[in-house]
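Enquirer: Add chains B and C to chain A, keeping to what the hints say.
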Amino acid sequence: MKNQLHRIDLEMFEGPLDLLLFLIKRDELNIYDIPIAQITKDFLDYVDLAKELKLYSAGDFVLMAATLMKIKARMLLPIEANGDDEIEDPRTELMNMLLEYKRYKEATSTFSEMERFERPHYYHIPATWNPQQEDNTAILEDVKLYDIMLTFQYLIKNYEEPATHSVAVEEVTLSEQVGFLNGLLQAKAKLSFAGLLEKFESRLVVVVTFLAILEMLRNRQVKVKQSKLFDDLFISRGSTFGN
Amino acid sequence: MIYLYQGVALLEINELKQIVEALLIATPEPLTEARFHTCLGDSGSKIPLQEVIRELASDYEKSGRAFFIKEVAGGYQIVTNAEFESYIKGLFSKSGKLRLSQAALETLAIVSYKQPVTRNDIESIRGVSSDSSLRTLLDRKLLEIRGREDSPGRALLYRTSTEFLQYFGLNSVKDLPRLREVEDILAEDDNELV
Amino acid sequence: MIYLYQGVALLEINELKQIVEALLIATPEPLTEARFHTCLGDSGSKIPLQEVIRELASDYEKSGRAFFIKEVAGGYQIVTNAEFESYIKGLFSKSGKLRLSQAALETLAIVSYKQPVTRNDIESIRGVSSDSSLRTLLDRKLLEIRGREDSPGRALLYRTSTEFLQYFGLNSVKDLPRLREVEDILAEDDNELV
Numbered sequence: 001m002k003n004q005l006h007r008i009d010l011e012m013f014e015g016p017l018d019l020l021l022f023l024i025k026r027d028e029l030n031i032y033d034i035p036i037a038q039i040t041k042d043f044l045d046y047v048d049l050a051k052e053l054k055l056y057s058a059g060d061f062v063l064m065a066a067t068l069m070k071i072k073a074r075m076l077l078p079i080e081a082n083g084d085d086e087i088e089d090p091r092t093e094l095m096n097m098l099l100e101y102k103r104y105k106e107a108t109s110t111f112s113e114m115e116r117f118e119r120p121h122y123y124h125i126p127a128t129w130n131p132q133q134e135d136n137t138a139i140l141e142d143v144k145l146y147d148i149m150l151t152f153q154y155l156i157k158n159y160e161e162p163a164t165h166s167v168a169v170e171e172v173t174l175s176e177q178v179g180f181l182n183g184l185l186q187a188k189a190k191l192s193f194a195g196l197l198e199k200f201e202s203r204l205v206v207v208v209t210f211l212a213i214l215e216m217l218r219n220r221q222v223k224v225k226q227s228k229l230f231d232d233l234f235i236s237r238g239s240t241f242g243n
Numbered sequence: 001m002i003y004l005y006q007g008v009a010l011l012e013i014n015e016l017k018q019i020v021e022a023l024l025i026a027t028p029e030p031l032t033e034a035r036f037h038t039c040l041g042d043s044g045s046k047i048p049l050q051e052v053i054r055e056l057a058s059d060y061e062k063s064g065r066a067f068f069i070k071e072v073a074g075g076y077q078i079v080t081n082a083e084f085e086s087y088i089k090g091l092f093s094k095s096g097k098l099r100l101s102q103a104a105l106e107t108l109a110i111v112s113y114k115q116p117v118t119r120n121d122i123e124s125i126r127g128v129s130s131d132s133s134l135r136t137l138l139d140r141k142l143l144e145i146r147g148r149e150d151s152p153g154r155a156l157l158y159r160t161s162t163e164f165l166q167y168f169g170l171n172s173v174k175d176l177p178r179l180r181e182v183e184d185i186l187a188e189d190d191n192e193l194v
Numbered sequence: 001m002i003y004l005y006q007g008v009a010l011l012e013i014n015e016l017k018q019i020v021e022a023l024l025i026a027t028p029e030p031l032t033e034a035r036f037h038t039c040l041g042d043s044g045s046k047i048p049l050q051e052v053i054r055e056l057a058s059d060y061e062k063s064g065r066a067f068f069i070k071e072v073a074g075g076y077q078i079v080t081n082a083e084f085e086s087y088i089k090g091l092f093s094k095s096g097k098l099r100l101s102q103a104a105l106e107t108l109a110i111v112s113y114k115q116p117v118t119r120n121d122i123e124s125i126r127g128v129s130s131d132s133s134l135r136t137l138l139d140r141k142l143l144e145i146r147g148r149e150d151s152p153g154r155a156l157l158y159r160t161s162t163e164f165l166q167y168f169g170l171n172s173v174k175d176l177p178r179l180r181e182v183e184d185i186l187a188e189d190d191n192e193l194v
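Protein chains in written order, with the working numbering: chain A, 1 to 243; chain B, 1 to 194; chain C, 1 to 194.
If you are wondering where the hints come from, they were derived from the structure by calculation, not from laboratory data. One or more of the hints may lead you astray.
Straight-line distance between alpha carbons at most 35 Å, and here's what the computed DSBU-like set of lysine-lysine pairs gives [unchecked claim]:
no., chain 1, residue 1, chain 2, residue 2
1, C, Lys17, A, Lys25
2, A, Lys25, C, Lys114
3, B, Lys17, C, Lys97
4, C, Lys97, C, Lys46
5, C, Lys141, B, Lys89
6, B, Lys17, C, Lys17
7, B, Lys174, A, Lys144
8, A, Lys157, B, Lys17
9, A, Lys225, C, Lys114
10, A, Lys144, C, Lys174
11, B, Lys70, C, Lys141
12, C, Lys174, B, Lys46
13, C, Lys114, B, Lys141
Keep in mind it's a predicted model, so treat the numbers as computed, not measured.
Chain A extracted, bound-state conformation (with noise of 0.2 Å):
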């Protein structure tokens, strides 16, 4: 009964490393030893329901789904030595994230006081000095390199004939993705998600083909490989491919 998750719980999370967080410390897991299968389960039992619920486009959490199912695969693996002694868990590399994520998450609160301590003042604010002949024009109280992007940002727009380019409505459906990477897959044996990622113009599309490739690994019709976290992704043939 534990593992249900609830509207309520959906909206509060900042990202995959905040919903990690959460599992971490509702389940009392050890951030230590972090059991990968249960935690991945979740994980993606969250990602789900969002989805559902369309919460927002998946997409930081889906590459975290990935990187997830890559640890736990790496569990699986005999442990190898890595050079003399040291040997690498896979988990580490999370785990540093988790933590890094933790104290700025527990800063965040500070400043969230800071906040509300500060609400109820409000600074003074100077009636525009006119020494006798000064213009009457607007005064910017302080210019940020920022201001002067956005200004010509506008005056540009405004400027230049309105260019009438089309803009096409990519329509692009899971399954048409599965088909696509079904197709790449029989004529090469391996693919790299960075170069897929070249081939499209949009977001949607590279979200899209993601949750593709993470369906198509739930099918086992294909298997990701990934060096480190973030780190390009390769895409192969799985055990059910084809069928």
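Expert: Just chains B and C, lined up with the frame of chain A:
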């Protein structure tokens, strides 16, 4: 003195004076009667702002404050007494912060991204004469004149100065943020959980 | 009390208090010691601003003013007392200050401790795209773009602004509480498990 409304005490005058003072300090534009009543809500609908202002103004005078309440543009504003102008000038001299009019900012933006440019280039983008903003920017050493156009008109070419780069912590004009770089940030829709 | 400089009376304390009050009312940014001395010119070089501020602050408290002097961003500014918030809100169209989202606060926390940082630095710690938070923070001037990274990618660098210090009521980023070390977090987690 206590303000009454339908026989009910609303706000005591000293409390009212404090509220009006807080509003005068925080207001970004002159405080009007209408705005004052918005701020006070139901309890304020019968209270004349003018009367409170009068009492407050006399307090400021009696206690030798360096500011007074000025009636301006249909509202009230706190401004400093004229005798301190010579000191106040110092706040705006060689200020670390840039204070530019919208016109000057637009001109500066165009020169930054399109340099070197002629006055004509600038004016055709802005659609208005940009003489005085160019002069302001040259005076403040944010722009400089660098040579002339290589065409019949031989118009003066403007570009940003070293001071401009230093102010924004840039090594060269190439380091200006490019629009493409921040397009993601500027995109209206995004995938982040808010 | 009279301030002396080489045996000559410079300014009487009451006059000084008035001058500082006028400066505080007129300044668009925190009044620093340095700016104060610019405003006073030669006659002010020996006068400690802090002392005058202290006297003025105590006057305000005694006379029940609706505002006080806040030490912020390396200087002093006039700020309204908390109790008037409910009235002041009415001055602004969005009924007062908008609160930052959790995502924006996370992004700010990372920038304030690690500045200058690139967008990549932020996203690799948060594990999510941070475009819209960055946009919000730039729009609200809590962050600013400051140059570029000195490495091949030449990514834009972000850092916190004076407005950031004002928003959180800080004198400097050095006043932020220290970030907890990873070891402390682990030690605590171990205790929880027992």
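Enquirer: Hint by hint, note whether the structure agrees.
Expert: Okay, the hints, checked on the actual structure:
A C-alpha spacing of about 56 Å is found between Lys17 (chain C) and Lys25 (chain A), which places the hinted pair above 35 Å, so the restraint is violated. Distance restraint check for Lys25 (chain A) and Lys114 (chain C): the Cα-Cα separation of roughly 27 Å lies within the 35 Å cut-off, and the hinted pair is therefore satisfied. Simply put, Lys17 (chain B) and Lys97 (chain C) have alpha-carbon atoms about 24 Å apart, close enough for the 35 Å limit, and the pair holds. Distance hint between Lys97 (chain C) and Lys46 (chain C) is unfulfilled; the C-alpha atoms sit about 40 Å from each other, more than 35 Å.
Note on Lys141 (chain C) and Lys89 (chain B): the hinted pairing holds, with a Cα-Cα distance of about 26 Å set against a maximum of 35 Å. Between Lys17 (chain B) and Lys17 (chain C), the direct Cα distance comes to roughly 23 Å. Compliance with the 35 Å bound is thereby established for this hinted pair. Among the hinted pairs, Lys174 (chain B) with Lys144 (chain A) is consistent with the structure: their alpha-carbon atoms are about 17 Å apart, no more than 35 Å. Between Lys157 (chain A) and Lys17 (chain B), the direct Cα distance comes to roughly 49 Å. Violation of the 35 Å bound is thereby established for this hinted pair.
For a cut-off of 35 Å, the pair hint linking Lys225 (chain A) to Lys114 (chain C) stands: about 32 Å separates their Cα positions. As the CA atoms of Lys144 (chain A) and Lys174 (chain C) are separated by approximately 23 Å, the hinted pair is consistent with the 35 Å bound. A threshold of 35 Å between alpha carbons decides the hint, and for Lys70 (chain B) with Lys141 (chain C) the separation of about 30 Å falls inside it, so the pair holds. This hinted pair does not check out: Lys174 (chain C) and Lys46 (chain B) have alpha carbons roughly 49 Å apart, beyond 35 Å.
Between the alpha carbons of Lys114 (chain C) and Lys141 (chain B) the distance comes to roughly 33 Å, so the proposed pair stays at or under 35 Å and holds.
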